[in-house]
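Chains as they are written, first to last, in my numbering: chain A, 1 to 665; chain B, 1 to 322; chain C, 1 to 153.
These are computed hints drawn from the structure, not numbers from a lab. Fair warning: there could be bad hints in the mix.
Think about it this way: if two alpha-carbon atoms lie no more than 27 Å apart in a straight line, the pair counts; the simulated DSS-like pairs of lysine-lysine are [unchecked claim]:
#1 B/307 x A/613
#2 B/314 x A/218
#3 A/648 x C/73
#4 C/133 x A/531
If you want the footprint, here are the derived chain B segments under chain C, 3+ residues with CB under 8 Å [said to hold, decoys possible]:
#5 191-198
#6 251-265
#7 281-292
#8 304-313
Ideal placement from N, C-alpha and C gives every residue a C-beta, glycine not left out.
In case you want the letters, here they are:
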Amino acid sequence: MRIGVFVCHCGTNIAGTVDSRGIAARAAELKDVVHTEDLIYTCSEPGQSAIQKAIIEKGLTRVVVAACSPHMHEVTFRRTVEGAGLNPYLFEMANIREHCSWIHDDYGLATEKAYEILKMSVAKVRQLEALVPNEVPVNKDVLVIGGGVAGIQTALDLADAGLKVTIVERETTIGGTMARLDKTFPTIDCSACILTPRMVDAAQHENIEIMAYCEVDKVQGYVGNFTVDIRKKAAMVDWVKCIGCEICVQKCPAKAPDVFNVGLAETKAIYIPFPQAVPKRAAIQVEHCRWFQQGKCKVCERVCPADAIDFEQQDEYVQKEFGAIVMATGLDVFPWENHYHEYGSGNIPDVISGLQYERMLNASGPTSGHVVRPSTQGIKGQEPEEPKTVVFIQCVGSRDESVGRPYCSSVCCMYTAKQAILTKSHVGMDTEVYVFYIDIRATGKGYEEFVKRAQTEFNVKYVRGRVSKLYEDVIDGSRKVIVRGVDTLLGKQVEVAADLVVLASGITSAEGAIPLAQKLNISYDEWGFFKESHPKLRPVETNTAGVFLAGACQSPKDIPTAVAQASGTAAKVLGLLSRDKLKTSPQIAIVEQNRCVSCWKCVEVCPFSAPQKQEQRDGTFKSHIIETVCQGCGICVATCPVNCITLKGFTTDAIIDQIEELLLA
Amino acid sequence: MSDRQAKIRELAAAALAEDRVDYFIGWKQGINPSEAIPAFVRSADEVDQLIWNPLSHHNLTTFLKRKMPDPPNARIGVCVKGCDSRTLVALLQEELVDKERIYVVGVPCDGVIDRRRVEKEFADEVVDISFSGDVVTATTRCGDSKEFAKGDMTFDHCNTCRYPNPVYADDMAADPVPEPEDRTPMWGSIEEFEALSPAEKDAKLADAFETCIRCFACIHACPVCVCWDQCVNRCRRPALVGQRVDTKENLMFQMVHMFHVAGRCPSCGACDRACPVEIPLYLLHRKMNKELYDMLGFEPGVSLEEKPAFQTFKLDDPFGEH
Amino acid sequence: MAQATDTTQAAGTTPPDAGDEVKVVGIVCNWCSYAGADGAGTARLKQEFEMRLLRVPCTGRIDPLFAIKAFEKGADGVLISGCHPGDCHYSEGNYYARRKFELLDRMLPFLGVEPDRFKYTWVSASEGARWQKVVNEFVGKVKALGPREGRAL
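Generate the whole structure from the sequences, applying the supplied hints.
Have a look at this one:
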């Protein structure tokens with residue numbers, strides 16, 4: 001065995017704290033090490049060439065690179081050694097950057113520790129064996145979970161490229177958050193005018209199947225071969241028969257809160273969220289339906305011209321196979337009512353959220369696009385009042401540690417500017433409009449100009465400071481919301497008597513994101529946003545091969561960013577599925593059958609059913625692990641009492657040797 | 001007691017005569033009348049060698065584990081006490097024993113004698129132990145004789161036994177003996193050791209394991225260890241246990257066994273009784289069961305429907321950080 | 001080489017007296033805790049020095065005997081860390097591990113190992129700060145106990 005050791009300086013990232021040259025030299029004394037070298041940037045072209053040159057010239061049979069995390073460059077260096085003719089699995093990385101130089105200050109100690117880490121890796125590399133990946137056939141169908149603008153974009157891109165796509169959407173229509181928006185920044189073009197044609201495109205595309213009112217129940221399998229159980233929720237309406245004529249909605253006597261309009265209006269127990277819904281199909285909200293709650297009514301059944309109402313309908317389950325899965329589950333609005341008691345906890349009628357205001361501005365919204373004070377609505381013999389003074393408050397549920405949301409929701413500065421401009425154009429240029437802000441983040445194309453327009457052209461008054469309190473008071477006989485805050489630029493208290501206050505409520509992950517992530521075994525952060533594989537290098541992949549991210553499920557995003565990412569995701573999926581066969585990791589478990597005692601504990605514990613009872617020539621049965629099913633977790637290995645299962649790349653001997661190398665020093 | 005012995009002989013004779021089993025495993029008297037040893041009876045006219053008395057400590061289910069002995073498809077009759085039946089259940093839970101090929105005679109048990117404890121009362125070799133009611137009479141080669149109360153000479157696992165009647169049997173050798181209503185296990189014997197300081201525990205264990213000769217008696221006597229000659233303790237690769245015989249590697253040797261039977265071992269004490277150098281193996285295995293009971297309310301080998309503790313899990317297992 | 005030696009001396013520090021040094025082995029899963037430790041590194045979160053990490057795919061891969069082996073070979077502390085329950089990359093590995101390591105955690109004191117020398121915990125890929133806290137607290141406790149001198153384990 002001829003081991004080569006390469007120690008990286010990473011500029012000063014490592015060498016600033018660790019004597020890279022020194023430990024490279026010391027490594028020469030380790031058993032089987034025949035070549036050592038320190039390199040300034042090992043991952044660079046000269047660095048990789050140096051490794052390849054040494055492999056060829058010194059006849060190296062094992063390579064250790066002491067540098068950054070294997071999560072960063074293991075793949076890079078495996079390719080490097082393979083390029084020089086060495087099996088890529090005869091390579092091991094020692095992480096002396098993230099786990100050493102970056103977390104210690106003491107040069108001597110960090111150098112000593114780095115050398116120990118390196119020694120452990122040399123001990124491990126001696127136990128490694130050449131491995132060859134397997135190939136498995138690939139299913140080329142794609143599942144997109146979530147039918148918002150990101151999911152639609154990915155689906156259309158993939159479908160145009162010839163792949164079959166299934167969109168699973170839990171609501172009765174696709175469209176997502178964008179369908180609820182009135183206008184989009186910075187162009188102030190109509191949101192629906194952009195989105196609804198795309199929704200129709202998706203519905204009519206020969207390669208796209210939309211499964212609305214469905215949820216993903218269970219996911220099994222692995223990249224290229226996922227098996228997904230999908231639950232079709234009972235709409236109590238036969239969607240094959242339903243023609244979306246809305247007669248049932250018109251005649252239904254039972255009222256229900258209008259979720260689509262964020263509670264600003266009421267809908268019926270049988271409903272279609274909005275006129276351009278795709279698919280346009282009715283569903284009964286059982287908890288509000290008179291038939292289900294009181295046992296009488298059935299008006300919808302009588303009036304339905306298509307005979308589509310089915311009170312007996314049950315949830316159905318279908319199983320489908322996919323090669324890749326795209327998560328596009330979008331976002332929810334931060335539930336500010338539960339956190340901002342100083343803003344009235346939702347009990348002041350004239351304090352509303354940004355999304356509510358969006359619906360109010362919309363021509364097909366609950367007020368037909370008229371901006372009104374909710375406190376003056378629904379009073380007999382009186383027209384709702386238009387607000388004269390409107391105050392916007394930014395960063396409600398964003399950049400606020402006190403409510404556990406330190407992150408920026410990234411869209412609120414811009415949508416507030418947009419809503420401020422729209423206020424002026426809907427109500428009149430003489431309307432007083434204030435925006436309380438921490439600072440303005442307008443980093444997209446044309447964004448800064450847009451905010452400037454709001455300030456100069458539309459004379460929106462921007463006040464830098466937080467609002468400490470909102471409360472109702474009567475001034476000169478009229479009901480007002482008193483906005484008390486501070487102008488930090490002038491350094492003085494401000495008080496505004498407002499008619500309407502709009503909170504730029506931030507973005508949180510969609511409800512149910514975490515349980516869904518757990519079904520797919522993907523990582524998520526503490527707020528339920530899904531974690532990308534690498535923030536810069538693999539921003540649309542997850543750590544679970546074959547599962548990708550698009551849109552705000554990853555982090556708060558505006559529409560252009562979500563759409564751009566969705567197309568990027570589609571490209572990655574296409575790249576994956578352009579092959580007929582996929583190479584699977586060879587770092588999997590294998591049974592040494594002559595030592596197997598047929599106790600079947602491996603069969604019992606494997607989450608993937610990879611170990612099978614295989615009949616032998618003598619009629620006995622021994623465990624056999626199906627290579628393409630094994631995911632390489634090693635649960636069976638730790639369970640097998642005779643230790644006759646080996647996890648390639650992470651063998652028991654390799655682990656013990658690492659422990660001993662460290663401790664026997 | 002002799003009633004049970006007679007019934008065992010009767011049931012064994014019937015099973016053999018009717019060709020329901022190829023052979024029957026029970027207990028018989030050893031060459032030394034102070035010992036009972038396992039008996040393999042192959043015909044109905046040999047059943048008179050079978051005995052039942054408080055010396056019948058061997059857990060005979062160890063002969064069933066994994067491949068049933070020669071011939072491979074043998075149908076076997078076997079006698080089990082309460083504790084033995086739990087190791088049998090542990091084997092059945094994992095289908096390591098074919099239920100269809102065994103005939104189980106359950107023997108309600110009043111506790112068995114710790115022969116080592118008796119021997120320690122004499123300077124000379126004990127050659128005979130006899131019973132009369134609750135009185136045990138032991139006699140040595142020189143003819144010394146002493147009487148003991150049986151309760152003073154039974155094993156710890158008998159004194160704390162909660163399952164004196166077999167939990168699994170095809171036929172019973174007697175009506176069940178009275179069972180404790182409260183089946184909460186007792187842990188008396190290990191609390192003394194638990195109270196020691198870490199250094200004292202280490203010293204005691206070191207003294208005990210220093211004497212281990214790695215004879216594998218504990219492992220072979222263990223009814224739920226199924227690895228036989230493939231035991232990882234015998235392996236060079238993976239090198240989980242060093243081949244060098246020293247105190248620490250000896251303890252490691254035992255840890256391999258202990259963690260491999262965790263969740264299946266009901267601490268029947270067979271390993272402890274088999275150990276020629278008297279390493280307190282029962283103490284270790286009993287402690288393991290105490291913790292398992294505390295963790296999961298789990299007792300190995302009680303129910304056929306249960307899975308061994310480490311081959312399953314609950315999403316809300318009540319320990320660890322969440 | 002000569003140059004390297006000079007640099008070490010120039011920094012004015014030498015490794016601590018071997019007699020007081022403790023050795024701590026951390027066995028972590030690839031997907032969560034190893035990545036969490038990477039995250040802590042990227043954020044330059046300073047940590048106690050004695051931790052040495054071993055990467056395995058999943059806590060389900062870790063045989064409790066590895067920890068015992070480490071103690072046998074002279075480790076002064078062993079830390080096991082993986083994905084939070086529910087987040088295992090392989091769905092179930094950490095649930096099996098939780099049972100095994102809970103038992104080990106309870107058995108080690110019986111084998112003469114002080115309770116503070118072993119810990120099993122969960123640190124996700126996004127919890128760099130939590131990783132720092134776990135390492136510093138655990139190593140701190142092991143250092144307070146000092147090196148082990150077990151005869152049996």
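Hint check results:
no.: 1; hint: B/307 x A/613; in the structure: holds (19 Å)
no.: 2; hint: B/314 x A/218; in the structure: holds (18 Å)
no.: 3; hint: A/648 x C/73; in the structure: holds (24 Å)
no.: 4; hint: C/133 x A/531; in the structure: holds (22 Å)
no.: 5; hint: 191-198; in the structure: holds (count 3)
no.: 6; hint: 251-265; in the structure: holds (count 6)
no.: 7; hint: 281-292; in the structure: holds (count 5)
no.: 8; hint: 304-313; in the structure: holds (count 3)
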